[in-house]
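This is what each chain is made of:
Number of protein chains: 2
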Amino acid sequence: METKAQVLYDFTAEPGNNELSVREGETITLTNQNVGGGWIEAKNSRGEVGLVPEDYIETPLITPDNYKSHIDQTDQHCFSKMTSNGNDPWAVFDNNASGGVSNNWAAQPEGTETGKTSSNAWHSGGHVHPQAYQGAGAEDDEWDEEWDDVKSSGGYAESEAGEGGAINRGGAHVRIYTVFQGGEVGPVWAYPDYQLDCVVADPKKGSKMYGLKSYIEYQVTPTTTNKPVNHRYKHFDWLYERLLDKFGSAIPIPCLPDKQVTGRFEEEFIKMRMERLQGWMSRMCRHPVISSSEVFQLFLSYKDEKDWKTGKRKAEKDETVGVMIFSTIEPEGLPDLDLTEVEQKCEQFNRFTRAMDDGVKDLLTVGNEHWKRCTGPLPKEYQRIGKAFQNLSSVFTSSGYEGEAALTDALTAAGKTYEDIAQMVAEQPKKDLHFLMETNNEYKGLLGCFPDTIGVHKAAIEKVKEGDKLVATGKITTSEKTAMSKRASTMSYALQAEMNHFHSNRIYDYNRVMQQYLEQQVKFYEMIAEKLRNAHSQFTTM
Amino acid sequence: METKAQVLYDFTAEPGNNELSVREGETITLTNQNVGGGWIEAKNSRGEVGLVPEDYIETPLITPDNYKSHIDQTDQHCFSKMTSNGNDPWAVFDNNASGGVSNNWAAQPEGTETGKTSSNAWHSGGHVHPQAYQGAGAEDDEWDEEWDDVKSSGGYAESEAGEGGAINRGGAHVRIYTVFQGGEVGPVWAYPDYQLDCVVADPKKGSKMYGLKSYIEYQVTPTTTNKPVNHRYKHFDWLYERLLDKFGSAIPIPCLPDKQVTGRFEEEFIKMRMERLQGWMSRMCRHPVISSSEVFQLFLSYKDEKDWKTGKRKAEKDETVGVMIFSTIEPEGLPDLDLTEVEQKCEQFNRFTRAMDDGVKDLLTVGNEHWKRCTGPLPKEYQRIGKAFQNLSSVFTSSGYEGEAALTDALTAAGKTYEDIAQMVAEQPKKDLHFLMETNNEYKGLLGCFPDTIGVHKAAIEKVKEGDKLVATGKITTSEKTAMSKRASTMSYALQAEMNHFHSNRIYDYNRVMQQYLEQQVKFYEMIAEKLRNAHSQFTTM
Numbered sequence: 001m002e003t004k005a006q007v008l009y010d011f012t013a014e015p016g017n018n019e020l021s022v023r024e025g026e027t028i029t030l031t032n033q034n035v036g037g038g039w040i041e042a043k044n045s046r047g048e049v050g051l052v053p054e055d056y057i058e059t060p061l062i063t064p065d066n067y068k069s070h071i072d073q074t075d076q077h078c079f080s081k082m083t084s085n086g087n088d089p090w091a092v093f094d095n096n097a098s099g100g101v102s103n104n105w106a107a108q109p110e111g112t113e114t115g116k117t118s119s120n121a122w123h124s125g126g127h128v129h130p131q132a133y134q135g136a137g138a139e140d141d142e143w144d145e146e147w148d149d150v151k152s153s154g155g156y157a158e159s160e161a162g163e164g165g166a167i168n169r170g171g172a173h174v175r176i177y178t179v180f181q182g183g184e185v186g187p188v189w190a191y192p193d194y195q196l197d198c199v200v201a202d203p204k205k206g207s208k209m210y211g212l213k214s215y216i217e218y219q220v221t222p223t224t225t226n227k228p229v230n231h232r233y234k235h236f237d238w239l240y241e242r243l244l245d246k247f248g249s250a251i252p253i254p255c256l257p258d259k260q261v262t263g264r265f266e267e268e269f270i271k272m273r274m275e276r277l278q279g280w281m282s283r284m285c286r287h288p289v290i291s292s293s294e295v296f297q298l299f300l301s302y303k304d305e306k307d308w309k310t311g312k313r314k315a316e317k318d319e320t321v322g323v324m325i326f327s328t329i330e331p332e333g334l335p336d337l338d339l340t341e342v343e344q345k346c347e348q349f350n351r352f353t354r355a356m357d358d359g360v361k362d363l364l365t366v367g368n369e370h371w372k373r374c375t376g377p378l379p380k381e382y383q384r385i386g387k388a389f390q391n392l393s394s395v396f397t398s399s400g401y402e403g404e405a406a407l408t409d410a411l412t413a414a415g416k417t418y419e420d421i422a423q424m425v426a427e428q429p430k431k432d433l434h435f436l437m438e439t440n441n442e443y444k445g446l447l448g449c450f451p452d453t454i455g456v457h458k459a460a461i462e463k464v465k466e467g468d469k470l471v472a473t474g475k476i477t478t479s480e481k482t483a484m485s486k487r488a489s490t491m492s493y494a495l496q497a498e499m500n501h502f503h504s505n506r507i508y509d510y511n512r513v514m515q516q517y518l519e520q521q522v523k524f525y526e527m528i529a530e531k532l533r534n535a536h537s538q539f540t541t542m
Numbered sequence: 001m002e003t004k005a006q007v008l009y010d011f012t013a014e015p016g017n018n019e020l021s022v023r024e025g026e027t028i029t030l031t032n033q034n035v036g037g038g039w040i041e042a043k044n045s046r047g048e049v050g051l052v053p054e055d056y057i058e059t060p061l062i063t064p065d066n067y068k069s070h071i072d073q074t075d076q077h078c079f080s081k082m083t084s085n086g087n088d089p090w091a092v093f094d095n096n097a098s099g100g101v102s103n104n105w106a107a108q109p110e111g112t113e114t115g116k117t118s119s120n121a122w123h124s125g126g127h128v129h130p131q132a133y134q135g136a137g138a139e140d141d142e143w144d145e146e147w148d149d150v151k152s153s154g155g156y157a158e159s160e161a162g163e164g165g166a167i168n169r170g171g172a173h174v175r176i177y178t179v180f181q182g183g184e185v186g187p188v189w190a191y192p193d194y195q196l197d198c199v200v201a202d203p204k205k206g207s208k209m210y211g212l213k214s215y216i217e218y219q220v221t222p223t224t225t226n227k228p229v230n231h232r233y234k235h236f237d238w239l240y241e242r243l244l245d246k247f248g249s250a251i252p253i254p255c256l257p258d259k260q261v262t263g264r265f266e267e268e269f270i271k272m273r274m275e276r277l278q279g280w281m282s283r284m285c286r287h288p289v290i291s292s293s294e295v296f297q298l299f300l301s302y303k304d305e306k307d308w309k310t311g312k313r314k315a316e317k318d319e320t321v322g323v324m325i326f327s328t329i330e331p332e333g334l335p336d337l338d339l340t341e342v343e344q345k346c347e348q349f350n351r352f353t354r355a356m357d358d359g360v361k362d363l364l365t366v367g368n369e370h371w372k373r374c375t376g377p378l379p380k381e382y383q384r385i386g387k388a389f390q391n392l393s394s395v396f397t398s399s400g401y402e403g404e405a406a407l408t409d410a411l412t413a414a415g416k417t418y419e420d421i422a423q424m425v426a427e428q429p430k431k432d433l434h435f436l437m438e439t440n441n442e443y444k445g446l447l448g449c450f451p452d453t454i455g456v457h458k459a460a461i462e463k464v465k466e467g468d469k470l471v472a473t474g475k476i477t478t479s480e481k482t483a484m485s486k487r488a489s490t491m492s493y494a495l496q497a498e499m500n501h502f503h504s505n506r507i508y509d510y511n512r513v514m515q516q517y518l519e520q521q522v523k524f525y526e527m528i529a530e531k532l533r534n535a536h537s538q539f540t541t542m
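Chain order of the listed sequences is R and Y.
Every letter in the first sequence is one number past the one before it in the UniProt record's numbering, and letter 414, counting from 1, is 414.
Every letter in the second sequence is one number past the one before it in the UniProt record's numbering, and letter 384, counting from 1, is 384.
Honestly, I wouldn't trust all of these hints.
For identical chains, the list gives no copy identity; a pair is met inside one copy or between any two copies.
[Claimed, not checked] In silico DSS-like cross-links for lysine-lysine, where the CA-CA straight-line distance does not exceed 27 Å:
{"no.": "1", "residue 1": "K444", "residue 2": "K416"}
{"no.": "2", "residue 1": "K372", "residue 2": "K444"}
{"no.": "3", "residue 1": "K213", "residue 2": "K306"}
{"no.": "4", "residue 1": "K380", "residue 2": "K523"}
Just so you know, the hints here were simulated from the structure itself, not pulled from any lab data.
Since the structure is predicted, the reported quantities are computational estimates derived from the model, not experimental observations.
Put together the whole structure using the sequences plus the hints.
Next up, the structure:
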């Protein structure tokens, strides 16, 4: 007998994963309830069969606890989305910057660092801690399962050069990130001698649960070890959550490419996601603080399954997260900044990132419209011009008049040229506008993180401002107040270093993308001119 | 005391003529009733003063006769519009070709040529004979007046080389137009050794009625005599009416450029009209029959005012008009065609001109849309792209980060480049699409004449078909029927010669205009590529 069940929540299948999209209220037939891993195989009314999360459907199998974990999973959003609550992320600065933020490292009396628990208070405004996503013991089983798959499909020998990373990871000490005076530009992070990068490539389809559930695994090869490791999208997502937890207060951690990005074809989708994961990873590699962090090194160059599992659990238990990160930042040889200066810098960066956010969004809007025109009405028009010439040519051919073959051939060629141009116009955005849009999209993501990062600083500044009152009412001692100011100064140096990092990357990225864009545009117009020159040469001079 | 009057009919002022546009029912103030020449100076409610035809306004001065003449004048339209009655001009062939056409040269018993009066019967379907426009004695006075103006503003000495033309004009003989066998293409007109052309240039403002009424006079210089003559638009219009009357049954006489073409600026309007008059005159010059006709020669190379006036009156009394023109056409050394062949040729030309009419109209539609896009949304988009780059550049300038001047300068330059491109895009249609459109517009006009020309032939064919019945019922003799067939054959030769003339001109015109179009398009795209290359070079490679 078939078991029917009602769908409780919308679920959108991830392409290429054997999943089935279902809508809330839909009735589906359960075709296999023994799939395991939290999945059930089901069939919808159109006869389509696929996997659906078991706790998305109304069956007696599901406990209330499971619901919660799965709802959290689907509710997980980009950091900036979480804190902004869907409103203008910049609005927090127009109102009371410290509103709703009550507890932070910079404002706490010395020695009362509370680590992870207190850092969570930062994620106000509807934030669900990412721990809810991948932390539970039951989920760990799934991870273990996967690692068996990875082992069977990938296979990686004992690392020879990976020892350095392992030592870092294994050590019990807390890594210190240094800020130096970097010449004219001011405070900068300490950059490594060798700039890390990695290549994300070779997406391969894997499967588990006896082939019922498939997934895409990407090969990630760091330029340091040159040894590839395999990662699924959910591993990238895990890394993102770890980095956001650990560095989000000091460093903008851009969202991963959309989980639900859909291409019309699976291949297109995978290619696009890979390209964006590559962009994200390269940006992370370029960051001196992130790239040298234990968790990032683990992701890029774990030796084996055991190494990964140990590192993973350790990373999840890391207590130096949230504002605690500032306790690991050391402004080397830099004098303490007074509050006015800290405030000015913060305001300046706020203004700049806000203005750039507007500028980038404007360019994206214009670019999107241009994309639409280039792939829609414009090529259609060139096609119609081409057809009109060819049509006239065939009318002329029917004239019965001798000796006009030269004209009709030329007119046909001109018509075909405009049809070619139509196609070129339609395909061009993929060759140039695409990269301009991708880069600006990346920057939009990065800039979207700044309100949160700057918000942390603003809140700290407000607390320091309240310091005198707290001293007067005997709530903190004078030396505790001095320590608060010093911490605000450290935060400001971190922000300045981060802004300088941002600026130098921005200059590099925009130079590169504009060069690429204009180079392709030149080629495009030159090719059109060349095609038209050919068409022109076919008309005879009289 | 001011005299007020009500406007009886809409009147649209011709630009640069000191005229005042008025609407039916509007009340105007008569400021000067003694202007003369059929005009009254009036002022509207907005205080604008100008000339209005006196019989367009309700005053006791106007007689019912005057009304008629003026209504005819404003009702005058292009020939094809007259016969089509506003419907599809091709429809006549889908219905009964001879319907409503009852009287023509080809169908008449030999020797009963009725000349002008009978030819008028061709202009069925609401046709008002152009004679109503400029024939009346009162109008002649105006012409005389004008000639005084022409004399004073232009001035032309006794012609030295004009004697040949004068002899032609003065002679009482009827000119015979010959059709030859022209090699592979079939029957052709006899072409002159020297191809006539003329230059329409140097538009000058003249005035009359003590400066109250102004007009534009164009200098027309034939390549034969190289002696300029002056003509106003109304003279061209007079020529058009004469040519239409005389040759319209055998040769498509395209309309003059619209009388009411309006440019936003007077200069633009005059330039546009001149360009189109030039196109029209060149086309007439290229035609062997038209260019050698007395009336055309008169227009191009009259010796003096007296010569002009004599020639003008003679032309208006010319009786070889309408279908009578075929009596002056001599197929030299060509055998009589049988009716089947005549009919086949006629059908073939009908199909071709109809198909070409569709093709030309399609190209015009596409071209119009492209024009709109090139002058509207497309440059706006390039402008917005340019602004977005420049905007980003100015945001970057505000970063306070040292050493990004190279990027911001380059980004500004790129932005300006796209603004330049916007302007280039907007101005380009005037440089290329314009001529493509003008040529196709000319052809649309020409092709619009063919239904009438072909209609004359179809009617003649139908009459010949009825010939046997007429012989049987004793209405015509057998030899009269033979003469009818012979005349149909002559008409067919004329049509074939005309089609061959049309084809050879068409091949020349389309080769020329496509070359011109593509050449300008190549330049356009090359210039864009060049500009973008410059913009590209300003970004520094890292």
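Hints, one by one, checked against the model:
In the homo-oligomer, the alpha carbons of K444 and K416 lie at most 27 Å apart only across protomers (24 Å), although the nearest pairing inside one protomer, at 41 Å, exceeds that limit. When the C-alpha separation of K372 and K444 is checked against a cutoff of 27 Å, the pair qualifies only within one copy, where the shortest distance is 20 Å, while the shortest distance between copies is 34 Å. In this assembly of identical chains, K213 and K306 lie within 27 Å of each other by CA distance solely inside one copy; the values are 24 Å within and 102 Å between copies. Taking identical chains as interchangeable, the C-alpha atoms of K380 and K523 lie at most 27 Å apart whether they share a chain (22 Å) or sit on different chains (23 Å).
Checked against the numbered hints given earlier, this structure breaks none of them.
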